[in-house]
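Going down the list, the protein sequences come from chains A and R. Be aware that the first sequence starts at 11, since it is given in the numbering used here, and climbs by one per residue. Be aware that the second sequence starts at 398, since it is given in the numbering used here, and climbs by one per residue.
Bear in mind the hints are in silico, worked out from the structure with no lab data behind them. Please note that the accuracy of each hint is not assured.
Calculated lysine-lysine pairs in the BS3-like style (CA-CA distance at most 27 Å, straight line) [as the list claims (entries may be wrong)]:
hint, chain 1, residue 1, chain 2, residue 2
1, R, K637, A, K300
2, R, K528, A, K300
3, R, K528, R, K680
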Amino acid sequence: MTVIDTALPQTTTTVRREALYFAFRNVKLLIGLGIILVLLGIGVFGPVLVSGVPNAYSGMPMQPPSSQYWLGTNTFGQDIWVQFVYGLRTTFVVGALGGGLAAIIGMVVGFLAGYRGGWLDEILNMITNVILVLPTLAVLLIINAYLGIRSVGVQALFIGLTSWPWAARAIRAQTFSLRTREFVDLARLSGVRTPKIILREIAPNMSSYLFMTFILLFGGSILIASSLDFIGLGPTEGVSLGLMLQNAHQWSALHLGLWWWFVPPGAGITAIVGALYVANVGLDEVFNPKLRET
Amino acid sequence: MRQYFGRKLLIYGLTFFVAVTVNWMIPRFMPGDPVASMLARARVTQPEALEAMRAYYTNLFGLDEPLWRQYLNFWAALLRGDFGISVWVFPTPVSTVILGAVPYTLGLMIPAVLLSWVVGNRLGAFAARRKLLDNTVLPVGYVLTATPYMWIAVILAWGLGVVAGVFPVAGGYSFSLRPNLSLEFIGSLLLHWALPFASLFLVALGGWAIGMRNMIIYELESDYSNYLAALGAPRRLIRKYAFRNAVLPQITGLALQLGVLVAGALVTEIVFSYPGLGSLILKAIQNQDFFLLQGTFLFIVLGVLIANFIIDIVYVVVDPRTRAGMAGAAA
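Turn these sequences into a full structure, and let the hints steer you where they fit.
The following block contains the structure:
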């Protein structure tokens, strides 16, 4: 007994140290994480540092980027850099809330269906498949169009409620393969209750997988939210990167040649989502020894 | 095989049922009085239109009838092909408006989706395990797949349309022409089609290339590949087998991506004011035309379901294991 007790924490620390060792040497992870951290930093601290309100008239309209207006101003004289900074914050919030909610629903459904099996699995699987086939954006269009007052939180809520099915399916498959392992049988034999088995035995063994699922859902939520914003069903108050694109398009920035109006928000979204995907591949290589390039 | 199709059809039937129910429920269970708010929001100035709308809405919602009755009426109207009357183009039925837009969306989506899938798969398969190519295809693929559809559309419209002046940036055909079968009109149609097609194609291409590249690497590490290599089979042959195995998950992937692709087509159409379903949705939202919006929603769902079913049939044709009733069609 004593041998096991002392050996166990030691191996977990070495595993962790090994993961860290590979994490710091993985270029993809470092690049992806670096971009996300920089943008997250701008989104979190930017609004405190920049002076001005995003939708306020700041002085001169239609100014190209200069030292005074870093990203220029639009036809309404709004400072695009200030909008960008606030928009980044909104975009991260939508990603975190929407992706987080979708990850939680996906995990609950996936674990229950995969671990319990039987009729519960059949029912959950059916629900998953039905929502999987439904085109997400079309459903969100209907819901958002009828909602009179829209906010970032509500948008994230509905994105979370509709984008979980593929995650649930993937987690279910993983749980399926784990539940017949000896250590799970052992836990079941010693009378551990189901929620505890899932939390203590199954989830930790696929923690890296769960984290990567969350990252992909995070990126997906940002893309869906920006599409909704662009169609004109974004939050009615405030600013987001998608709303900036929508405004630029609606007020024909294209024909006025105001490229600094529509390039930054799209580039911001692409950078966040792309960095998330690249970091995800990096993480995959860190956690999965088979994929490491030696 | 009958079980396979039976199960699929059951899911699609259920999905359609859910979609219709959602469509019916949302106006009724959202806070507020739907008829009053719709009339207020519609901002119609013609009194006869307003009166017709009020009568129509009250009649359609049938708020004096019990809920189950309203629900059955909704289905009955739907099965008759009655989606209501558009507010935006007032006396025209929604179904007529939608049917006029569907060809544009399909003409844009079908070539973009199929071509990006084929080219992306080829590209990914070619790049896998080839150091130099892999290092270029992979980053480009990630950037493309992370790009919002509307942004790439805006950038293309600005670069090739406004700045270079090569392509038109708005409409489905030149505003000076009426739709007819002349060469001039078809040429104009193609010219206006090029940029929306290119943006849809490019974004989707990245995702397929990455997916295929990963699948090929996985297949090249499997036992049969190693065995073939040990037997001294040429690399080309091994890659060919790997490709054929890797295509199966990509077909499933196509079915899973349909929703995203439709969403991409909708926002791309909005950027280019392309006269398809996307522009219709924008108009419906701007004009608070809820019947048009709901009708378009059902059409999109129906289209996605039909496409899913076609992909299922293709899967059975391509993968013999599903025909033999063995495992294989996990999706």
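Between K637/R and K300/A, does the CA-CA distance stay at or below 27 Å?
-> Given pair K637/R, K300/A holds - Cα atoms ~23 Å apart, limit 27 Å.
Holds or violated: K528/R to K680/R, with C-alpha atoms at most 27 Å apart | 48 Å, violated
Below or equal to 27 Å on CA atoms is what counts here, so check K528/R against K300/A.
-> It holds: about 18 Å lies between the C-alpha atoms, which stays within 27 Å.
In the structure shown, a violation is registered for the earlier hint numbered 3 alone.
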